[in-house]
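Student: So the chains spell out like this:
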Amino acid sequence: MAAPRLKLPRAKPPPGSPPARFARLGRGLSFLERALRIVPGTSRASRGLASSTGADRTEAFVELPDEAELRSFARAAAQLLIDRAPRLGGSKAVARHAGAGIQHLDHRDYIPGDEIRHIDWRQTARFGRALVHRFEAETISDWTILIDASSSMTANGAVKWRCAVQAAAAMSHALIEFGHRVGLLAFGSRVLARCPLGRGQHHYAVIARLLAGLRPMSSGERSALGACALHLSGTASALAISDFLADDEMCFELAVLRARCATLHALQVSDVTEVRLPPFGEIELSDLETGTRLQVLADDRTATSAADQRAAMTARLRTFCSRSGIAFSDWEVARPWREALIAHLVRARSNG
Amino acid sequence: MTLASPLWLLGLALLPVVRWLHRAGRHRRVVAVPHLALWRDAAVSLAAASRRQPPDPAWRRRALLAALLLLALAGPRLEQPTQRITLWIDDSPSMFTREAEGTRIAIGLARARSLLASQARAEVEVRTLADPWHPLGPLADDTASTLAARRLRDPPAPPPPALLAGQRQHWLVTDAAHPELIAWPGSRRPDRVIRVGAVTRNVGIERLAARRAPGERGRIELLAKVANGGSAVENRTLVLIAGDSEVSRTAVRLDPEASTFVSAVIPDSNAVEARLLPGDALAQDDEIALDLAPLRRHRIAIDPACPRTLVLAIATHPALSALPAGTAGADAALDCASVRTATPIPRIQVRTDRLSQPAAEPLRWSSTVPASQRIRLDVDRLRYSAPLSPRPGDDVLLAAGDQPLVVRRVGEPAVIETTLDFGAAEMASDAQVPLLVNWLAECLFDAPLLDAIALVDRGARSSAVVPGPRTPVASTAPSEARARESRDESRILLVLVGLGLAWEIVALARQWWRLSARVDAGSA
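Going down the list, the protein sequences come from chains A and B.
Reading the first sequence from the start, the letters are residues 1 to 352 in the numbering used here.
Reading the second sequence from the start, the letters are residues 1 to 524 in the numbering used here.
Among the hints, a few may not be true.
[Stated by the list, open to error] Computed spacing ranges between beta-carbons, pair by pair:
#, chain 1, residue 1, chain 2, residue 2, range
1, B, Ala43, A, Gly157, 21 to 27 Å
2, A, Arg190, B, Asp41, 30 to 36 Å
3, B, Val31, A, Ala312, 17 to 23 Å
[To be verified] Away from chain B, derived, C-beta distances all over 12 Å, residues of chain A:
#, residue
4, Lys160
5, Ser223
6, Gln295
7, Phe320
Derived from the structure by calculation, the hints contain no laboratory data.
It should be emphasised that the depicted structure is a prediction, and the values quoted were computed from it without experimental measurement.
Don't be surprised by glycine CBs; every beta carbon is placed ideally from N, CA and C.
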């Protein structure tokens, strides 16, 4: 069954737009209105962040990828995201686990306490004993996108934030396209917005709406990736999109998350221009997240030193992720999101 | 130092604003970065980064400029000690007494000049006691000659209180011969008295008066007052000169501060002069000239048709003389409607073109006629011969009931028109006719004609030349009475502030240009 064609807005309007605006997008979007209404927790989280229009919030609208780009990316990433696909050469079977799900796995004898509705009456009649369906565990296909909404993402015109949102939207669409359940967590010093796990195109609409409505604080919002750990199930896969600008490159928090999910991806968004300073000579630097100030003498050597520091941080993070089994990629925002995501997925699959 | 507009100094309270405006100066230019640890190696000084940055040091210079500007706007004035002196000159006649070194007034001015020469910054203004409201300006070399050439009508008097300002010193140059000139109002005393004079002998003519001799037509009685203003007995000879000839010579002997009167009858003349012989130190009061023009008779051209009673009344009047009609040089004319004078001169016009009739009703005088001039007339003896019709502007001087008798016509020359019938038998021998004629003549000339006196009076003690005792001066020390002259210094400050502001503008422009160049280079 073909998925309904979605036509999502390229540039999201200001938060709090009425659902009637979606109705103008076409007849096929009517279910999106229902979806938005039936996920009260999601919509509340979305409204809570999106309705905040304070002067210290980033005002730039994020242009989400259009449907053609999303479908193109999904097709390109199909083989990389379908975990049950047999490997080339058929040397390794797909690991499948029984659990709560909808995909049939096999049968077993009925034991008291099983759901009556799960009894396979046809096989029961055939074998003469009560047999129940066993389903393939769905948790292996649950993905949670963790997007960094701290103030450091708004530096240099919030270009990192725009890239992160585009990547999160593209990954969400591709995962939903292939039957995964996808959730979203926007984190700063705490979890700022949350979209629970869900599947189906209507769920992507929910995620897209949430992403479009997010406005990270331009200052004072720290990065606490570990706050997302409480919202992850033990078997989920997680993709953390962040600049990982912290004193320990968020290594500790990545380790916490790694213990709470099956697979963890870390996509670092970096911007080489953010280390450049205005040629003012002696200036005072202010940390966007902490507000701490530092007096420096801006010159070419300063810029080089900052770039070196940034490269060293990336190297340390890459080493940590490699040792911890975390799929890590450094995405320079000058690269297109499609190319960066494909490269990350390829690297993750080859390492896995 | 004083300030013209001290309220501008309230603006100094806003100087902290200048410092506040510089708090975000060059050292506080802040750049937001995503992660501060990237630049930790480039930190200038951790201590400097942790403490609060001071404002741009330029705030002190600019605050100083603002303070100077406010001070300049407040109008500072530097006061400099300056002496303002009013030099009062006693210009009474005794000050023109000639001493061995010159007149007293010249000696006094010379002493004042020498005293003022020792004053560093003295602003001197010369005034006289006889004419205090017209200053003579600063003390100059020709001040003495200017004073000698002046002809003043008023006698000297103490200075008016309005001119005795407290911020000026008042010096007085006097011989103290007239103590009343030193008794200044409000117990005020001169700050310094320059006393001059040593001569103590003088006899002068204080007054010369003349009137027509009542019993001798064509002669004039003179009365001269001669006073001894010195301290010694004096013998003088008073010589009276009428025209070019001496008419009288009288010897007088005068005790100190005594006076005597000398009388003489001289023929009618235009002027008379009295001289004292021999002369003395004060030559001005040794002679006196008297113009006798006020005593001259008014010449009336008589119309031959006028009644004889009227002509006789004019001819016997002491201040009038009758001339035949048509004589040139007549002061007025008596017109009885037979002769018309070609020249417009004042005239008394007698209207006699009707039959005479008595003025039966009571007499009424015009309000313009003072009570002293209203003569007592017997209305039963008055006759009038023609009705008078006053025109607008005319003044009915005398009327009998509603019948005007004497009317002053409006316009020039003066015309007194009367309808009194002086030729009537009832008035021909009436004694009130000369009074009526005198009244008509006084109305015509608008002046009293009887008992006219010509007089030159120099005032009592005008001959006194004996210097008085030393005059006490004001107790205020001259240094305490110094006025202070303020000098405007705001222009200097404004120039300084203007230069400072220009320098700041140039510096800011250069800084802006440099920053723009660096930003462009950084962007490139």
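Student: It remains to establish, for every hint, whether it holds in the given structure.
Tutor: Evaluation of the provided hints:
no., hint, result
1, Ala43/B / Gly157/A: 21 to 27 Å, "holds, 26 Å"
2, Arg190/A / Asp41/B: 30 to 36 Å, "holds, 32 Å"
3, Val31/B / Ala312/A: 17 to 23 Å, "holds, 22 Å"
4, Lys160, "violated, 8 Å"
5, Ser223, "violated, 9 Å"
6, Gln295, "violated, 4 Å"
7, Phe320, "holds, 17 Å"
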